Structure formats: C-alpha cells, structure tokens
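Engineer: Following the hints, position chains B and C against chain A.
Each chain, letter by letter, is given below.
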Amino acid sequence: MSSRMKSAVVTLACAIAACGGPAPETEADGGAEAQVESDAVVVFTTNYPLAYFAKRIGGERVRVEFPAPAGIDPAYWSPSPEDVAAYQEADVVLLNGAGYEGWVAKTSLPDSKLVNTSAGFEDMYIVSEEAVVHTHGPAGEHEHENLAFTTWLDPVLAIEQARAIRDALAAQLPGAEADLQEGFAALETDLTEIDARLGAWAADHAGQPLLASHPVYQYLARRYDLNLRSVHFEPDEVPTTGGWRDLAARLENHTAEWMLWEATPLAETRELLASEYGVGSFVFDPCGNRPESGDYISVMRANVESLEALPAI
Amino acid sequence: MIRIEDLRFRYGEGDFQLRIPELAVESGTTTAFIGPSGSGKTTLLNLIAGIIRPEKGRVETRGVEVSGLSDEERRRFRITTVGLVFQEFELLEYLTVLDNILLPYRIHSALTLDSSVRERARSLAERVGISDKLDRHPRRLSQGERQRVAVCRAVLTDPPLLLTDEPTGNLDPVNRERVLDILFDYVEDSGTTLVSVTHDHEILTRFGRVMDFRDFHAFGEAGSGAAGGAS
Amino acid sequence: MRDTLYLALRYLAFHRVKTAILVAAITLIVFLPVGLRVIVNQSSQQLTARAEATPLVIGAKGSPTELTLNTLYFSSDVPARTTHAAAAEVTETGLAHAIPMYVRFRVRDRPIVGTTLEYFEFRGLRIVEGRQLAILGEAVLGSRAAKRLGVGPGDYVISSPESVFDIAGVYPLRMPVVGVLEFSDSADDDAVFVDVKTAWVIEGLGHGHQDLSRPEAAAGVLRREGNVVVGNASVMQFNEITPDNIDSFHFHGELSDFPLTAVIAVPPDQRSSALLQGRYQSAGLSQIVNPTEVMDELLDTILTVEKFVIAGAVTVGLATLATTFLVFALSLRLRSRERETLFKIGGSRTAVATVMTSEIVVVLAAGVLLALCLTFLTQRYGDVIIRALIR
Chain A
1 MSSRMKSAVV TLACAIAACG GPAPETEADG GAEAQVESDA VVVFTTNYPL AYFAKRIGGE
61 RVRVEFPAPA GIDPAYWSPS PEDVAAYQEA DVVLLNGAGY EGWVAKTSLP DSKLVNTSAG
121 FEDMYIVSEE AVVHTHGPAG EHEHENLAFT TWLDPVLAIE QARAIRDALA AQLPGAEADL
181 QEGFAALETD LTEIDARLGA WAADHAGQPL LASHPVYQYL ARRYDLNLRS VHFEPDEVPT
241 TGGWRDLAAR LENHTAEWML WEATPLAETR ELLASEYGVG SFVFDPCGNR PESGDYISVM
301 RANVESLEAL PAI
Chain B
1001 MIRIEDLRFR YGEGDFQLRI PELAVESGTT TAFIGPSGSG KTTLLNLIAG IIRPEKGRVE
1061 TRGVEVSGLS DEERRRFRIT TVGLVFQEFE LLEYLTVLDN ILLPYRIHSA LTLDSSVRER
1121 ARSLAERVGI SDKLDRHPRR LSQGERQRVA VCRAVLTDPP LLLTDEPTGN LDPVNRERVL
1181 DILFDYVEDS GTTLVSVTHD HEILTRFGRV MDFRDFHAFG EAGSGAAGGA S
Chain C
2001 MRDTLYLALR YLAFHRVKTA ILVAAITLIV FLPVGLRVIV NQSSQQLTAR AEATPLVIGA
2061 KGSPTELTLN TLYFSSDVPA RTTHAAAAEV TETGLAHAIP MYVRFRVRDR PIVGTTLEYF
2121 EFRGLRIVEG RQLAILGEAV LGSRAAKRLG VGPGDYVISS PESVFDIAGV YPLRMPVVGV
2181 LEFSDSADDD AVFVDVKTAW VIEGLGHGHQ DLSRPEAAAG VLRREGNVVV GNASVMQFNE
2241 ITPDNIDSFH FHGELSDFPL TAVIAVPPDQ RSSALLQGRY QSAGLSQIVN PTEVMDELLD
2301 TILTVEKFVI AGAVTVGLAT LATTFLVFAL SLRLRSRERE TLFKIGGSRT AVATVMTSEI
2361 VVVLAAGVLL ALCLTFLTQR YGDVIIRALI R
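As they're listed, the protein sequences go chains A, B and C.
For what it's worth, our numbering labels the leading residue of the first sequence as 1, then goes sequentially.
For what it's worth, our numbering labels the leading residue of the second sequence as 1001, then goes sequentially.
For what it's worth, our numbering labels the leading residue of the third sequence as 2001, then goes sequentially.
Just chain A, with the same shape it has in the complex (with noise of 0.2 angstroms):
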C-alpha cells in the first residue's frame, strides 16, 4: 500500500488561493495554540478536515490535535505509541470513519471518546471497485472490502460530518451550544458555497469525461455525477510502461482531456500526458493533510477555480 500523496506540493490549488476568498481562521487547524486557555476540550482528529472542522465550530474552547506529520496521506498513517498515548488522552477523538483510519483498529483507544463523523452516512458509503478478496487457510474465504473514505469531498457529507462534531463537541461543553451553532453555521455557509459553485461547474460540464490520478474522487464524482475514472499514477513518480498502457487501455472508451492530480505532478508526466495523449494535468487537492499553506476551504476553493479554469465544452 504505497502513499497516495507522498509528499507535500504546493498546489496549483494553494497559489491560487492566495486570492481566493478570506478564511476566517488561519490556523484553523489548532496546533499549540499558546492562547488556548488551559480548560479547553482537547479534540484528536485522525485528518486535517476534521481538525479544520473543529477548530471552526469549537473556537478558543477547543485545543485541536491532529499529530500526523505533514506531508504524508493520515489514511495510511500508523501512530508510534507516543501518538496513540497522546490520542488516549483527549476528551473527544473524532474520526472520519468508512475505513479512513485504519490503525484505529490497530491500536487501543477508548471507545466512549472515539466519534465517528460519518456514522449519520453510513448507508452512503461508497464501496470501492478495488476490493480485494482473497482466500487462504483452513478460515476460507473472506473479504477485504475496501470503501472509499475521502467523504469531505462531497461538501454535504462534509457538513454532516462537521454537524457531528458540533454534537461531540456540545456534549462535552454544556452550554456553549450557541457558539457552537455559529461557528458551524458559518463552516456550512463556506461548504454550501463551495457546493453550489462545484455543482454550477458540473451542470455546465455534464457527462464530460475526466480522469483521476488515483480514485480518490469517488463522493465527489457522486456528488455531481462527474464522468470520472481512474488510473494509478503518483504526482512525484513519472508512471511506468504498464500504467502508461492502463492510461491507454481506459482512453479507449473514455476520451478525457483532463487529468485531475492530488497534488502537482512531475514536469516531465505532465508534459508526456499532454503531448502523447492529448491529456492536460490540473491539481484537485483532496485536503487529507495540513496545506503548506491556506486553509481547508481556501484550498477547496483553489480546487474550485482549477476547475472552474478548464475550457468549456
């Protein structure tokens, strides 16, 4: 299981956000926030989104951790114990769920302060086409079903996972609920813009084939009913000759243009991608880490705009 996002691009995405709309909070994210006052509920998540999340809707009430260093994709993070006797010590660990964090269940953790962002969806999961069934042994066969976990990226899930920790984070501050109310309230006006945007783009763009690096875009394509496919190709790795022949086996019946990237691809794929097959590169960064730079929502936004730059139909 290599890295989807091995290292930390400035995106195409975050350069652009600098003219993007204000974020309230720049660092959003918590961090060691030296102001945090020392009572503060002390919030784990197991990815950025999630931390972003509530550091809006908590405010200076919450001290938000998310320890997975950057540049790497937290979905295949394994924690040292150090990290995971950090994380048994929070008051709340909010988790993305549909199998992101995978070492959860690789590590002890108490039950009672594990959230589950995304158990109000669990019926919309989306199960992935990569799953993998193998048999060996006396046990027989079983299953490992993979789901695609990159929920956040259909905005309205986003909000019901942001609704969710608003909930986690009220029962963990009794009469803060209004507060609470208003930074989520304000986190969903940002999402529902980002939504609304996305899916103008799209109703221009209807059945326009697209590809994907890596399939990460499952709850976004849903969401818009995107004419999206995958290949496997890494941004920092120029793909080999079997991948190159993947590209050309899925070109076959699926003539896209545009290629999106999780993160910005070497110069030389890029150049081959536009040149050999007519396909052009833009970064559609699914925000699973901390951005080098931005926020959460200034990084969708850029998302947006790379989008929103590509030439109409």
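A portion of the hints provided could be inaccurate.
[Unchecked claim] Straight-line C-alpha distance at most 20 angstroms; calculated SDA-like pairs for lysine to any residue:
(1) K2344/C x P1160/B
(2) K2061/C x L2285/C
(3) K1133/B x L1095/B
(4) K2344/C x S1070/B
(5) K2344/C x E1072/B
(6) K2344/C x L1095/B
(7) K2344/C x L1069/B
(8) K2344/C x R1076/B
(9) K2344/C x D1165/B
(10) K1133/B x F2014/C
(11) K2018/C x L1095/B
(12) K2018/C x L2005/C
(13) K2344/C x P1159/B
(14) K2344/C x R1053/B
(15) K2344/C x L1111/B
(16) K2344/C x S1109/B
(17) K2344/C x D1158/B
(18) K2147/C x F2183/C
(19) K2344/C x I1052/B
(20) K2018/C x H1137/B
For the record, the hints were derived by calculation from the structure and aren't laboratory data.
In this text, all values refer to a predicted model and were calculated from it rather than measured experimentally.
Structural biologist: Using the frame of chain A, we list chains B and C on its own:
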C-alpha cells in the same frame, strides 16, 4: 544421730506391724539393716527419712523429732539432711546425667542452684568416674554408672545422713565393689552417717554395725529388746 | 518456677515426637474452625467488595455464577459467548457505559483479559512501570502476573494454546509487555491485559499475512480469479504483531459479530440501573446479572457448607481433645514412680504436679500459638488462597 523409741508402724489395716522399742545410730558410723523380705527394713528407712510417719513412738534424727514435723518441714528436712540411694537408682530418663545429679536443687525452693553447686556436681561426677558422661541420658549408661549417678545425686547437698536401700542389689560383683568403694570412701572422707538396707551378706564386712531385723519380731508379735548387732 | 519450667521443657524435648504430635493436635483443634472462619469471612468480604464495585454484567444466557466469576475473577470457566454488538446495545440505551470483556485465553495459568482502556479507568488501575496499551498486540500485566511470569516492560508473553489438539487456528501470539499495573489487591493483579482486539487476534479473527497481491507472495498464491486471490497453506501466519507487519493485520467479518464473554455496564445512577435491568428481563439471547446478588447467593451456599464443616471440625476437635487428655492422663500414670522419687528426695507433691501441669500448659500454649500463627498467615495470604480456589 538417730534415736528411735517405742516405734510402732502398720500399713493400713494389714497384718504387718513394725515395732522397735529402742534403736540408736551414732554419727559417723556405718550401719547395715539385714533381714528377710518384708521384715520392715525399708519401712524403717522411710520412717527415718520422714517419708512416712510412725503410728506411735519417736524418731529423732540429729536431735530433731522427725515424726513430729509437718509435711513441709519433713520435706525440707529430707532435702537438706538426708541423701537417698535406691535399689532401682530412680534416675529421670529425660534428664541428662548432670541434670539428674542437680535434681534436688530443682525441686525445692530451699535450695538455690548456682555455679558452685554445678561445680560440686562436676567434681562428684569426676570422683565417681562419670565426668565424661554428664551430657548423656541415663538409658545410655551401664547399671553401675547409673548407680554412681544416683550416689552423686544423693550426696550433692552434702547431707549428714545417707540412707541407701539395697544400693548394690542390681549390680554385678565388679560394679558392686566399685559402688561400695565409692560409698565408703565418701562416707569416710565426709564423716557422713550411713545407714544401708541390704540382704547381700557378702558386703556386711564393710559396715561398722549390722542390725538383723529378725530381732524386731515384726510379724504381729509384741517385740521386745533392743536390736542386736555384730560387727 | 524457672526450675519447674526447665524440667517440663526437658521432658517435652526428650519426648519430642510425642510433644510434636500433641502440639499438632491442639493446633488443628483450634485452627480448623478458626482458620475456616477467617477464610470464609475474608472470601465473603472480597467477593462482596468486588461484586459491589461491579454494577451490572451482561452476557449470553447461561449460568449467572459462571458469567460473574469469569468477569470479576477471570475464572477459567468461560461462559457462553455474546457479541461485541452487546456492548454497542448498552451504549445505545444511553443508560450505562459499556466495557467489553473477553476473558478466554491464558498466558500459562494467567488469564488474558481482553477489554478496553475504560476498564482500567473503571477499576482505578494505574500503570507503575512502562506505559498503557497503545498498539494492537501489546500487553499490560497485573503486578502479580508480572512477578509470577517474571516479565516486565520490554519482555514478551505468549498466549497458550487452548488445547494440544487446537489446530483450528488459535495461534499462540507473542505479545510485547509494555506496562505493569500498580498492585491493587484484586484479581486484576493476576491478569494479563490486552486490547479486546488483540484477544480477537489470538482467536484468529484478526490476522496478518503477506499481501497476496504483491509479487513476493507469489509462492503463496494458488490461483487468481479476477479480484479473488486464493492463498495456500504456506501463507505465513504472523505470531507476533510488529511495526513491520501491523499494516497487514486485519479483521475478518463485522466487528459487531466478534465474541465477548461479557459486557460490564456502568450506569450513572440507580434509576438507569433499574431501567437497564428492565430491558434485559424479557426473553432474549442476553442476560443481565447483578454481581452482588450472584455473590450473595454464592455466599449463602458457602456459609451453609461452612456450618457443616465447622460442626465437623468441632466434633473432630473434641474427639482429638479427649484423646489428648487421655494421653496426658496415661503419661501421668506412667510417671507415678518418677513422682514418688521426687517426693522421696524432698519435692512436694504439688511441686511434682506443677511440673506436669507446666508440661500440659506448654503443649496447649504452643498449640494455640501455632494455630494463631496459622490464622494470621491465613488472614494475610487468604486472598491468594481464595483466588487460587476460584480460578
């Protein structure tokens, strides 16, 4: 030393009656009581020691009328004045030789066991040739050795009167002579008065005086006359 | 007095076998009923205390005693399995916290207690050495378990196969010991604690193996049928979870179907407790038991048995006492000649009697003293004995 006048004694309602009109034993002498079994030799020894009391008459030892003393006084008298040696030795099996010799000092409050007493016990043991066996228990001694232990116990308090009841009755001739040598040596050295019951005629020559109990008419008849004696 | 005692002690020392037997008899006469009382008192206190500290236990229908003893004392009689869903059900009622318990496996004779971190909080168990459980496959040991197994942080414990013929897949799992708990004077001191998920790994419900879709595992692949990769028996079963292989560990099936021996339910108040118990009264696959009630019942049984045993012990004791006095009496008669001798050479008859009385007193005192020592030891180590009996 011993003066008996008009002594009468009877065990319960039995036929046996001991009558001794008059008997005297001088200090520093050795006397043997002989006579057939049941003639009252041991009984007389017990009367002299104050173990039993006469029905009638006087038993006076060293000017003390023993028959007139209370039980407690007679015990005190025994422990301080009388040394007793028995035919069966009567050692305590659970005590070592030394503890057996020291026994008188452990059973009467009138006597205090101190280091000088222990020293005396050791020297007595050495004198009778058992000093290497002080830590043994009696069952690991020969008959002769046991009687020597008994003699040590009897003379530990340095009593003026030594009463022995068949002291050689259980001994073979060699040991008999050895024990008698010890007894008579001691008596001679210390000037102790020795009164011994015996039926062993071979040893009578050692005694200064022999009293035959047949003369006491012990069996129910009215006794008469003093004890006869021959040396 | 000193001389009297000296003679008495010399006598007892000389007849040491007889003395020992007499002292032993007196000891037993006193200790049997007294020690039994102490044990029963202690066990009832212990049982009651732990039961009272454990509000409610939920498990599959079956013997409530078995369920309670397994959950509270980790006894080796494993109750019928319930599922992890039972814990979720309790949580969903909102009436109580649920602590899952899976007490089935052992490390030698020490129980492996699969549970969650909430258990440590619930019992007030603190880590004194090392750290808390963090990663799948780790173990934290009770203080006595650590001592008996002779391990500490940095060492390993290995789960024991349930039976020699167990080929169904319960592979012994080698678990790193990461922490040792503070002594708590309870059954927790004897346990090897693991995350409940680790217990499932021991059971074979979760396992790690080579990634069959990778080239280096080709030797283990029988055939590929589309997405289905069929592995053969040579696929290596890890018997230890390491940083290198933890990524390949996974669970088969739904976690909610995974087995538990019990769920400890901790309601915040009496009302919630009553409501929760009410929910389980109706027919179903689960039962809810109040450990205090179960223990009270058990104690009633113990007390009844105790009455019989004490009655028996007292009877035997009286008989032994009579025999003892017979021995004394015979001894006095056998020693009449000794008394006579002592009297003759000047000892008073009472002095002689005092020597012999001293002997009896010394024997009685030694017996009683010994019985008291035994009682004290029972009091001190009774809990160990009781726990050994319960296990």
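Engineer: Does each hint hold? Answer for all of them.
Structural biologist: Here is how each hint holds up against the structure:
A C-alpha spacing of about 17 angstroms is found between K2344/C and P1160/B, which places the hinted pair at or below 20 angstroms, so the restraint holds. Only pairs whose Cα atoms come within 20 angstroms are accepted, and K2061/C paired with L2285/C is accepted, the gap being roughly 6 angstroms. For a cut-off of 20 angstroms, the pair hint linking K1133/B to L1095/B stands: about 12 angstroms separates their Cα positions. For the suggested pair K2344/C and S1070/B, the alpha carbons sit about 15 angstroms apart, so the restraint of at most 20 angstroms is met.
Only pairs whose Cα atoms come within 20 angstroms are accepted, and K2344/C paired with E1072/B is accepted, the gap being roughly 12 angstroms. For the hint linking K2344/C to L1095/B, the alpha-carbon distance of about 18 angstroms falls within 20 angstroms, and the restraint holds. Only pairs whose Cα atoms come within 20 angstroms are accepted, and K2344/C paired with L1069/B is accepted, the gap being roughly 16 angstroms. Proposed proximity of K2344/C and R1076/B is supported: the alpha carbons are some 11 angstroms apart, at most 20 angstroms.
For the hint pairing K2344/C with D1165/B, the CA-to-CA distance comes to about 13 angstroms; that is within 20 angstroms, so the pair holds. For the proposed pair K1133/B and F2014/C, the alpha carbon gap of about 17 angstroms is at most 20 angstroms, so the pair holds. Under the criterion of a C-alpha separation no larger than 20 angstroms, the hint pairing K2018/C with L1095/B is consistent with the structure, at around 16 angstroms. Distance hint between K2018/C and L2005/C is fulfilled; the C-alpha atoms sit about 18 angstroms from each other, no more than 20 angstroms.
Restraint check for K2344/C and P1159/B: satisfied, since their Cα atoms lie roughly 15 angstroms apart, inside the 20 angstroms limit. Only pairs whose Cα atoms come within 20 angstroms are accepted, and K2344/C paired with R1053/B is accepted, the gap being roughly 13 angstroms. With a CA separation close to 16 angstroms, the supplied pair K2344/C and L1111/B stays within the 20 angstroms bound. With a CA separation close to 15 angstroms, the supplied pair K2344/C and S1109/B stays within the 20 angstroms bound.
Distance hint between K2344/C and D1158/B is fulfilled; the C-alpha atoms sit about 17 angstroms from each other, no more than 20 angstroms. Between K2147/C and F2183/C the CA atoms are separated by roughly 11 angstroms; this keeps the pair inside 20 angstroms, and the hint holds. Taking the CA atoms of K2344/C and I1052/B, the gap is about 10 angstroms. The hint holds against a cut of 20 angstroms. The straight-line distance between the Cα atoms of K2018/C and H1137/B is roughly 18 angstroms, inside the 20 angstroms bound, and the hint therefore holds.
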